[in-house]
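In the order they appear, the protein sequences are chains A and B. Every number in the numbering used here is 210 more than the matching position in the first sequence, counting from 1. Every number in the numbering used here is 1 more than the matching position in the second sequence, counting from 1.
I should point out that these hints are in silico values taken from the structure, not numbers from a laboratory. Here the structure is a predicted model, which means the values were calculated and not measured. It is possible that part of the hints are untrue.
[Said to hold, decoys possible] Listed next, with one range per pair, are the computed distances between beta-carbon atoms:
1. A/Thr282 to B/Glu15: 40 to 48 angstroms
2. B/Ser39 to A/Tyr249: 38 to 46 angstroms
3. A/Thr322 to B/Ser39: 18 to 26 angstroms
4. B/Glu86 to A/Pro325: 38 to 46 angstroms
5. B/Glu21 to A/Gln252: 34 to 42 angstroms
6. A/Ser290 to B/Glu15: 48 to 56 angstroms
7. B/Val13 to A/Glu276: 41 to 49 angstroms
8. B/Pro62 to A/Gln255: 23 to 31 angstroms
9. A/Thr282 to B/Pro62: 22 to 30 angstroms
For each residue, glycine too, the CB sits at the ideal point set by N, CA and C.
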Amino acid sequence: AQSVTQLGSHVSVSEGALVLLRCNYSSSVPPYLFWYVQYPNQGLQLLLKYTSAATLVKGINGFEAEFKKSETSFHLTKPSAHMSDAAEYFCAVSDQRGSNYKLTFGKGTLLTVNP
Amino acid sequence: GAGVSQSPSNKVTEKGKDVELRCDPISGHTALYWYRQSLGQGLEFLIYFQGNSAPDKSGLPSDRFSAERTGGSVSTLTIQRTQQEDSAVYLCASSLSSGINEQFFGPGTRLTVL
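Using the sequences provided together with the hints, build the complete structure.
Here it is as structure tokens:
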């Protein structure tokens, strides 16, 4: 079974600073990897996904992530944080069972952006 | 177009009661997932429906949990004899088909068992 580890349950940055949210995965097969964002009292929204095409994936709101097979990592970055980026971020790997592409999530990282 | 909708948004119940949670997927989406989000366990897969195929129930935590999907559209998650540890946010997601398509999530139902 796949698993996902997000290092740091809480990350705090200043507005305009680099955002780096870490994600490591374990998988016995080439993985499909995702980053989702959850704003308070809302559902999950897809930021970006890796499905074995380009290793540098660009998503919405200026976020991007790089798949590094040698490090089994899929870290999420944004060059300059904005106040509206404050939310909880989840890394996920698709754990395929037949036609079921269920997602296995990390524990999440709460991002705080300070003015 | 409309996204995934779930009802109720909040449900408070007493221990031992049964509850039903509803999910309306995006029209045309044949794959439907239920997940549970709780403080202790994070986000966990519960059950998966794809078209008219038998559902994958491998994530259901006990036989008190069941789900059905009528007409390939609306789904209902039922929890019988609720326990306090069932308190969580129950999220529904749908996608266009099986395969690695984006799962669109609903806002969730927050269940509190007193």
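Self-check item: C-beta pair B/Glu86, A/Pro325: status relative to the range 38 to 46 angstroms that was hinted
Solution: Distance hint for B/Glu86, A/Pro325 holds at roughly 39 angstroms.
Practice problem: Using the beta carbons of B/Ser39 and A/Tyr249, state whether their distance is inside 38 to 46 angstroms or not. | Solution: Cβ of B/Ser39 to Cβ of A/Tyr249: about 19 angstroms, so the range 38 to 46 angstroms is violated.
Practice problem: Given the range 34 to 42 angstroms, decide if the beta-carbon distance of B/Glu21 to A/Gln252 lies inside it. | Solution: 23 angstroms, violated
Self-check item: C-beta pair A/Ser290, B/Glu15: status relative to the range 48 to 56 angstroms that was hinted
Solution: Holds - the Cβ-Cβ distance for A/Ser290 and B/Glu15, about 49 angstroms, lies within 48 to 56 angstroms.
Quiz item: Is the distance from the Cβ of B/Val13 to the Cβ of A/Glu276 consistent with 41 to 49 angstroms?
Solution: 44 angstroms, holds
Exercise. Check the following: the C-beta atoms of A/Thr282 and B/Pro62 are separated by a distance inside 22 to 30 angstroms.
Key: 29 angstroms, holds
Practice problem: Evaluate the given range 40 to 48 angstroms for the C-beta pair formed by A/Thr282 and B/Glu15. | Solution: For A/Thr282 and B/Glu15 the Cβ distance comes to about 45 angstroms; the hint holds.
Self-check item: Whether the CB-CB distance between A/Thr322 and B/Ser39 falls inside 18 to 26 angstroms
Solution: 22 angstroms, holds
Practice problem: Could you tell me whether the CB distance from B/Pro62 to A/Gln255 stays inside 23 to 31 angstroms? | Solution: 26 angstroms, holds
Hint compliance for this structure: hints 2 and 5 are broken, all remaining hints hold.
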